[in-house]
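Enquirer: Single-letter residue listing:
2 protein chains.
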Amino acid sequence: MTSLASNQRGSLNPLFEPRAIAVYGASSDPTKIGGRPLDFLKGSGYDGPLYPINPKAAQIQGLPSFATVAAVPGPVDLAIVAVPAPAVLAALEDCAAKGVGGAVVLSSGFAEVGGQGAQWQQQISALTNRTGMRVVGPNCMGIINVRRRILGTFTPSAAGFGLAPGRISLVSQSGAFGGYCLSLIRQRGLGLNLWITTGNQCDVDFADCVNHYAQDDGTDVIVGYVEAATDKDRLISALALARERGKRIVMMKVGSSEAGAHATASHTASLAGSDQVYDGLFKQYGVYRARTIDELFDVAYACSVVRQSPKGKRIGLLTVSGGVGALMADVATDCGLDVAPMPEDAQRRLKEILPFAGPRNPVDMTAQLVNDLTLFEKNFQLMLEEGGYDVVVAFLSSVGQVLDLSTRLLEQLKKVLQRFPDRTVIVSTLASPEVRKLYEAAGVMLFDEPTRAVRAASALVHMAAEVERARTLSAPPLLPAAALAPPGHAINEVDAKRVLASAGIPVVRELVAATADAAARCAAEIGYPVVLKIASADIAHKSEIGGVIVGLQDEAQVRSAFGTLLQRAKTHAPQARIDGVVVAQMAGKGVETILGVVRDPVFGAVVMFGLGGVFVEAFKDVAFRVAPFGVDEARAMIGEVKGRILLTGLRGQPPADEDALATAIAALSVYAARHEAAIESIDINPFVVLPLGQGALALDALIVPSAGR
Amino acid sequence: MTSLASNQRGSLNPLFEPRAIAVYGASSDPTKIGGRPLDFLKGSGYDGPLYPINPKAAQIQGLPSFATVAAVPGPVDLAIVAVPAPAVLAALEDCAAKGVGGAVVLSSGFAEVGGQGAQWQQQISALTNRTGMRVVGPNCMGIINVRRRILGTFTPSAAGFGLAPGRISLVSQSGAFGGYCLSLIRQRGLGLNLWITTGNQCDVDFADCVNHYAQDDGTDVIVGYVEAATDKDRLISALALARERGKRIVMMKVGSSEAGAHATASHTASLAGSDQVYDGLFKQYGVYRARTIDELFDVAYACSVVRQSPKGKRIGLLTVSGGVGALMADVATDCGLDVAPMPEDAQRRLKEILPFAGPRNPVDMTAQLVNDLTLFEKNFQLMLEEGGYDVVVAFLSSVGQVLDLSTRLLEQLKKVLQRFPDRTVIVSTLASPEVRKLYEAAGVMLFDEPTRAVRAASALVHMAAEVERARTLSAPPLLPAAALAPPGHAINEVDAKRVLASAGIPVVRELVAATADAAARCAAEIGYPVVLKIASADIAHKSEIGGVIVGLQDEAQVRSAFGTLLQRAKTHAPQARIDGVVVAQMAGKGVETILGVVRDPVFGAVVMFGLGGVFVEAFKDVAFRVAPFGVDEARAMIGEVKGRILLTGLRGQPPADEDALATAIAALSVYAARHEAAIESIDINPFVVLPLGQGALALDALIVPSAGR
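So the sequence lines, in the order shown, correspond to chains Y and E.
Sequential numbering from 304 applies to the first sequence in the numbering used here.
Sequential numbering from 304 applies to the second sequence in the numbering used here.
Same shape as in the complex, but just chain Y (with noise of 0.2 Å):
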């Protein structure tokens, strides 16, 4: 374990590679929350010694019970804490005292509750910074670890083991949750590695889990459920690491709708987060946002089964009906694929097969294939050969529940991977468990229904492009030596400029004037034709009160503009400073865009991006990303967002300059970021984005300071 990874936190691996275990608060009874772990541990498995602990009895379920752990002849490195809130304190410290590396506590009563036992609660997270005892909890559903046969957990859902194991780990901040996907896991029979869900989080929190994961070997594939993220900077390293260690990361997060968002602030009792920030994170460390629960498990099964990540995005379809080979292609390419059509020279190969089949893409064997079982591993030899797919999903109806002819198909599929070991096959059949298994151990992954078939195929594919994308990922550019400080109190739009520009981004060339005289010199020296607005701090929205004029000719026609704006800021905004007005150079035609920095409660500074216009507000047609980063994430920001092609050159429109654009967004995010504390907002709208080779420029800018200073 690197020391860079644990960030100075004490392992996990107490709690999931404990010599032995104790269980305080264990009860005769094996329904209660304290009997429940020692039934389960029992009949589990596990290889090392059980400590029931409890006063009240010699022995609790057949085993010799001690008073406390201090008693307990040997070493214990884990603890299993079951006891009512108000013991669960003094039993952590005899645990601590007696060296004990792990705790997890499953009683319920503190910060959940408010009040004392939020009280009980910060007095065991005080004990565990001063003892470096790790606790999972309290509130929480405890910990599994498969292969070691540890049961550490009260959920019904483990009752009776029924768990293979394999290489995905789950981390779960719910418990009722984590239940859940227990029960999912044993009836769709995937492998689980590790298990664990962090209820209030006192210590170890969500970023832990996912920084131990990260560092398993035993794990591939991580499967999160997270409601709100307590540290960004653990967050965010543990994902970077998980990345780095070439695993895949498949996460759910709730809360998108405000009903959502409402339930899910009251259940955690803490801040969330916007949603969309934690979609822009997601996107930014590369891990699966899962929307529904299927998806969930759909992807961590894919990633869990495949042999080698997909190399691109070429997609084949082959089928045995052609209904069902359209609604994968539309499924494909709704999911961005490439339905590539096989070469014409294969496809005329293909018809010499089978004169009857589709032979483009999707590939259709028709019924046929029943009659001539060779059809498969023709067509697939020609399909990975000649069409050069990355991924291929065959559709083979209910073949899968007639095990003969599925091993019969299977023999001919193995012969073609061998050839071919880099190419991802994915099988949609409704499959009997035997040929479920038979499949799944040649590499090859078994889907019910073909759109979820595909959709996972998609879901493959992104994530090795992300894994690509990270290893070339840009740095985030230098903040200029130069750079001011952002102001401490209200400022106009021409010292908010001057601010960003001295942090690297273009802003147009402006001047503001006192006096009519000094107007008419700035135009002059701007050059013609030029803006004049109202310089104000005061007024936020100047073209509401008409103090903006635009195109201006000549001298004569500024001196007159002066003149009317000063006159219509007096007549709107009698109680407004003015500082003067603003002479601009007046922008080339380009496209609106807006840039702008929010502060997170979780994540800090956030940087937005989007199209000017009715874009942001009609579509919610935004970016996000945590700050900072660097040019290529800007682009991947850009990409993002439907209204980009606007910046592509619509209509004979020449294309923008998407260089500068990104430039810039990654500009601000290193602004952003190194004055988080400082800043509440900023807001660039509009950044015009001009036409390839000429640059960008913020014709408008607002910074608003943190309130706090």
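For the record, the hints were derived by calculation from the structure and aren't laboratory data.
Hints may contain errors.
Since the list gives no way to pick out one identical chain from another, each pair is judged satisfied if it fits inside one copy or across any two copies.
[Unchecked claim] In silico DSS-like pairs for lysine-lysine, Cα to Cα no more than 25 Å straight-line:
no., residue 1, residue 2
1, Lys845, Lys614
2, Lys923, Lys945
3, Lys335, Lys359
4, Lys401, Lys359
5, Lys845, Lys892
6, Lys359, Lys945
7, Lys614, Lys681
8, Lys892, Lys717
Given chain Y, work out where chain E should sit, using these hints.
Expert: Just chain E now, kept in the frame of chain Y:
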């Protein structure tokens, strides 16, 4: 059966309700196409006589065989035909002579292979027209009637029967798709009534089957898979009849992507019509379009189990996991359902019942439910009584795997359901098959996955709303008596608008002037300011050659603009015939929209609506409907596009006159339908919608007459 519904075509009753069945080409080998249906029918429990027809054997599969159907002693209603393609026509002639009412041709080798096969198929069509015998296929998978235990098919998916009788009937144009669905229906334990695959549709087509199901008292839910409709009018009247008779229709149509459409076209060798047009048609007739096979059967299942249709879109969410509650709230919000909070007072009462509960909506019972089962009844009762929810989805994690617990919860649920017979209740839990049966018998549907439960709820709500909407749907308006016929040749925009104005579509006030003097007179008559435009049928994109000059304030400006325009036309389009200039009123500030008509190969005149500017180009944000339709349907189109937000008064703008817009769209649809054959396309762009009460008007229009005329 009403004559209206049957459309003068013979009933399908002989196919689905035969008193006796003959199998032409019956084989002794039960794995052959001619052997399998006989084998299935012998084993299924069909109660009528079975007659193998095969001149080469005295007995087939233990039944006496006949040389031809003429030799059969009693009457025969249904013939299943599995002889090779060249012998099919003769077999069908025999059947017709015998008075057989219907035949199912399983054999392939007809239109799908072209040449002689296509000719044979035409001959079969001619036979059906001549005799009135109804023929399914050729090249199809056959038919099933579960109640009558008729398996007139060779799909392996029907082997062993294994089908539960129920109220879902299925029609699939694709045999492979139909077979796969049959396997799925068995796997999911759905109740099936009738099943048919229509194959090459030489006679019985998709529309016939929908029409039959619409009239079938044993069918509540129609599941359809359509690739290419053949007869617009019969399909529409079948869909309308089904809606009128309270049937729910769930349909899958593939080919929305280019690759998918290509696959479908090559598969059916027929023009499919535009995918967006199908989408519009489905919306128009209350058909639920499923996008995945999971969804197809989730929704069909929900429709078949639901007690009464939901009256509104208020959804209550009850959960044992706060996280899943929030997830369900997110999905419900996405689906357009109203996740309304519980009334304050009811929330207080919920808090009294369970202090740690989330009482708002979702209502979180927490894992406490397992300790106190009465929480379920109490919470449900309060949600239905005080919350007034139309639908409640309850997430119970894996409780459904415990029979005892599930049974006790169901008893409570039943009590509440009795008090609220008009509410819909959906439970999401991982359930054992027994638990599933128990709940379904009580009218409570079960879903493993909570987001699928919410999506099913949404489908029920939206389908019920469609039925309500259909009750009061306004008829298409009358075409004005003075409406002009469409032009037989290219006409200029002024003439195009004159035609449209005659059809009841408001257009801008404008006059054509051939001289500068005339232009000045026209401007005076219309009133300043005016717009001048080149008038020429040969210049489609006037603004690109500078052919439009706006904001002309007086006679001098008009005279000057006249000269400028003629000069520009001469320079940029020297070949164009120039009719003069158009002098038009300057329209007030409004929202630019686009109205269009296109001719679909299957559905004829189709109306398109979208917002102007980049919305159509960048976002494909448009709605389609098959013409003609009334104002209510036009309003539904408007409501469907995302850009509609611009019409509602964004950024302090006044709301736009949507009534005028809807009236114009409906009028356009009536005109387009009346002159379907004469019009290739109509493009009204922009159609400006003015502020509420001020109407709307076409600024420019193009009518392209049919090429064939």
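Enquirer: If a hint holds in the structure, say so; if it does not, say that too.
Expert: Cross-check of the supplied hints:
| no. | hint | in the structure |
| --- | --- | --- |
| 1 | Lys845 x Lys614 | neither (52 Å within a copy, 49 Å between copies) |
| 2 | Lys923 x Lys945 | both (10 Å within a copy, 11 Å between copies) |
| 3 | Lys335 x Lys359 | within (16 Å within a copy, 74 Å between copies) |
| 4 | Lys401 x Lys359 | within (21 Å within a copy, 91 Å between copies) |
| 5 | Lys845 x Lys892 | both (21 Å within a copy, 22 Å between copies) |
| 6 | Lys359 x Lys945 | neither (66 Å within a copy, 67 Å between copies) |
| 7 | Lys614 x Lys681 | within (23 Å within a copy, 55 Å between copies) |
| 8 | Lys892 x Lys717 | neither (59 Å within a copy, 67 Å between copies) |
The earlier numbered hints that this structure contradicts are 1, 6 and 8.
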